[in-house]
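Student: Please build the complex by placing chains B and C on the supplied structure of chain A, with the hints as guidance.
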Amino acid sequence: MSTGTTATVEQNQVSSAGVSLWSDAYRRFKKNKLGVVCFFIICGYVAIALLTWLGLLGADFSVNGPDSYAAPSSSHWFGTDIFGRDVFARGLHGTRIALSIGLATSFIAIPIGVTLGAIAGYFGGLVDDFIVWFYNVVESIPDILKIIALGYAMGRGISTVYISIGLTTWVSLCKLIRTEFMKHKRRDYVQSAMAIGASHKRRMFLHILPNVFHIILVNLSVRFITAIKMEVVLSYLGLGVEPGQPSWGIMIDDAKLEMARGVWWGLTCASIFMFFLILAFTLFNDALREALDPKLRNK
Amino acid sequence: MSSVVEVKNLVTSFKTQEGTFNAVDNVSFKVDAGKTLGIVGESGCGKSVTSLSIMGLIPMPPGKIESGEILFKGQNLLKLSQNEMRKIRGNKIGMIFQEPMTSLNPVFTIGNQIEEAIKLHQKELSSKQVREKAIDMLKLVGIPSPEKRIDDYPHQLSGGMRQRVMIAIALSCSPDLLIADEPTTALDVTIQAQILDLIKKLQRELNTAMILITHDLGVVAETCDDVAVMYAGKIVEYGTADQIFNRPLHPYTKGLLNSVPHFETGKRKTRLETIPGIVPSLANLPQGCRFFDRCTQSIEQCKVRQPELEKLEHNVACYNPVKQK
Amino acid sequence: MLAYVARRLLYLIPVIFGVTILTFVLFNVVGGDPVYQKMGKHGSEAEIKILRHELGLDRPLPEQYLFYLKQCVTFNFGRSWATNQNITDMLTAGIGPSMSLSIPAFFITIVLSILLSILIVFFRNGLMDKLLQVFCIAGTCISVLVYVILGQYFFAYKWGMFPISGYDSGWDSRWQFLALPMIIWVAVSIGYEVLLYRSAILEEVFQDYVRTARAKGLTEKVVLLKHVLKNSLTPIITSIMMEVPLLITGALVLEAFFGIPGLGGMIYQAVANSDFPVIKAMTFIGSVLFVLANLASDLLVSLVDPRVEFN
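Residue numbers (this note's numbering), protein chains in the order written: chain A, 1 to 299; chain B, 1 to 325; chain C, 1 to 311.
No wet-lab data here; the hints were simulated from the structure. Hints are not guaranteed to be accurate.
Stated by the list, open to error - Just a few of them, taken from the derived set where beta-carbon distance is under 7 Å, the chain C residues facing chain B:
(1) Y209
(2) T212
(3) R214
(4) K216
(5) G217
(6) D298
(7) S302
(8) P306
(9) R307
What the hints assert, rightly or not - Some chain A residues flagged as far from chain C (calculated, every beta-carbon gap over 10 Å):
(10) Y26
(11) K30
(12) K33
(13) L50
(14) S62
(15) V63
(16) F88
(17) G124
(18) I144
Note that the coordinates shown come from a computational prediction; the quantities given were computed from them, not determined experimentally. Backbone N, C-alpha and C fix where the C-beta goes; we use that ideal spot for every residue, glycine too.
Chain A extracted, bound-state conformation (with noise of 0.2 Å):
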């Protein structure tokens, strides 16, 4: 059936300059409606985190008030916590919070991971053997006690939870990324890149990476989700971010004491927020992969 050559023709591309495989991913990513309609969710939240940073919306999330712990209302819609703030505020800037610990964990991960990756797959040999030795040592402790040790060494605070995040959660991506550079480095094309004396640098970054980019794309909308989910963990066990901070996983944390209140709009704000988020990323990220990997493109 036609499927057939249209397969072989995608599996050259992905192997050749990379382009065409680019806009063949956009145009099958455009047609998933679900898939854009999540990323135009995501763009909300961004622009929310854009606003709440500049301080043109949720402006009086730190300001007491004098109702504690005030019911929803019309001036409050998620109500008011302990010290009388208003809770949505707080949700609103919660989303500032979320978005730059899955961005700066992914600043951290990617360049460890892609470069471990990279040097392991493609140069083998004992290099492969001693990275893949200190993966498997990284890999074997519990990312949660990881990040606890990690959270020891640097004391509370919000770096510490992009640091420990993002140290401990690149091996996985380390993987594949070793597995790609070791098949890749014996295609036609790398092959031929050496045979006109291509640098060891310029095969690696220059002709084998782009073809490899789209699985750290994929992998960082996970990372966004791992990360999001891992603050609010982190909040419980006291080793995330400053307690006065308004992060969803201290607003969750808090309703831990709050619910046998009967004050159920902390932990309702704070899930609805990162509800949607997560439920974003993850469809998402399901759009990306199904438009990006060549093996899902022909179901």
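Tutor: Same frame as chain A, now just chains B and C:
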């Protein structure tokens, strides 16, 4: 003699992102017991979809059999329930697929996979008899020391051996009809001839009707009694092997024949001919003849209306058939 | 095969060795000063000195490392800073409650997930498939902590169906305390698992050998349960085995929240009290379990997939 299988005006459609199109469009043919029909065409012309339609294995959705009849020993397969169809599949109709490397389940032994088919359709056999039968089948398809090989996993066998196992599975219940979908395409040239001879030999012994799907005219010439040439979902020429090879009427058939080297003719041809252009996309078919763009002898009419299969010397769908010298 | 296992077990040595170095570096070198953590800001110069000596922190780092290594090898992790209990005793006491919660919950989750994912694939593209997928995805978008808080609030606090928290070590009486955490465990993980298994199975459904199986006249049930399932077991086994260490180290949030005296709860307490020796011991044990689970997973996969070769 009545036909084992007779396909009448079969239309099978597929729904894709670009819209719904007919992968098989108004196709009719028949095969008698002990005879072989070759269906020839380029990839994407609908020959595999035709065979999967007979087997009832069209994935639905996106596929759909829109209309037509598939009469198997007088019974319309399209009217059968899933349950009734299952009793025919693998039992009365066997099928060999193109990719021997991936068509066997990698995590079960070949014995398990042959026995499974036998057990399913010959419930009266004891498990010992089933195993013996499986070993007999392996012997029949020429696998050396079958008693040992039966417990091998597919990855322990070569491509040719795997295709022999596929043939053993397809023939294990002595089907009335065997569908071979490009059975030799994925194999080495030396193995191709062996497998083809084997299929031919077994078919003769079992007096099975066979549909052989291929794009390789050499294979057709060696094995087939009748030939149907398909182009873009339609049969464009249909006749005996002798008629098709020696007196082709459709310009496409002629083109196909010219693009195959002839060694037996004695005189050396200077150059192999090719058919210019590519097969039109099924999603975007021309109004007139589907071969129009690539045809060397098209006339005005070809552009406007689609020619239907007509009986001249034999059946052909062309307004300006090739003149015989 | 035996040679392979032996070689893999040998490879454990450098990995575990690496783990001890990494743990040591994290806690003893870059980690905050444990004395400061322990005494707060109030300790006097002299008190701090005494404590440092007591904890062996005034010795040179290599010596401290060798001491830690010895602890790991002999499985004798010393005493907790917070409670002064023998850590090995704490571990043995905690394993029971942890596994009483984790093992039943884990098996219920796996069995339900496999059944549901097969069901989804069987009815693929239908309404049932869509609905279950929506539920599963939605389920993964909610934080564990929200499940725990809401579960406790409604099932225990409001409706009184289960005790709010606590534990009883009696073999029969522990289940009333474990039931709710188990339900929450299953609820938290099932969505994720079903989605994972579903894609593992769907990956196989379009393979050529499935068409061959159908061409034999097999029913869709046999095709899925025999041919497809066995092929999709590899990723399923791998993901299941990766969770095995958690069965023993326990569910941190659940145990802490419901006051179950398991190892997860122990970690929570240790984190709250800056109890480094306990965390270090758990880190070591967690990684040994992880490495063993990894090996077990590779061996299991080789049982299912004859193509896997040992080299």
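Student: Could you run down the list of hints and mark each one as holding or not?
Tutor: Hints, one by one, checked against the model:
1. Y209: 4 Å, holds
2. T212: The hint holds - T212/C has a Cβ within 7 Å of chain B, the shortest such distance being about 5 Å.
3. R214: Holds. Min distance 6 Å.
4. K216: 4 Å, holds
5. G217: Nearest chain B Cβ about 4 Å off; hint holds.
6. D298: 16 Å, violated
7. S302: 11 Å, violated
8. P306: For P306/C, the interface hint holds, since the closest Cβ of chain B sits about 4 Å away, which is under 7 Å.
9. R307: 5 Å, holds
10. Y26: 23 Å, holds
11. K30: K30/A is indeed farther than 10 Å from all Cβ atoms of chain C, at 22 Å.
12. K33: 14 Å, holds
13. L50: The claim holds: L50/A sits with its nearest Cβ about 23 Å from chain C, beyond 10 Å.
14. S62: 23 Å, holds
15. V63: Label holds. Min Cβ-Cβ 27 Å, cutoff 10 Å.
16. F88: Since the minimum Cβ distance to chain C is about 18 Å, F88/A lies beyond 10 Å and the statement holds.
17. G124: 16 Å, holds
18. I144: Its Cβ does come within 10 Å of chain C, the nearest being 6 Å, so this is violated.
When held up to the earlier numbered hints, the structure conflicts with 6, 7 and 18 and fits the remainder.
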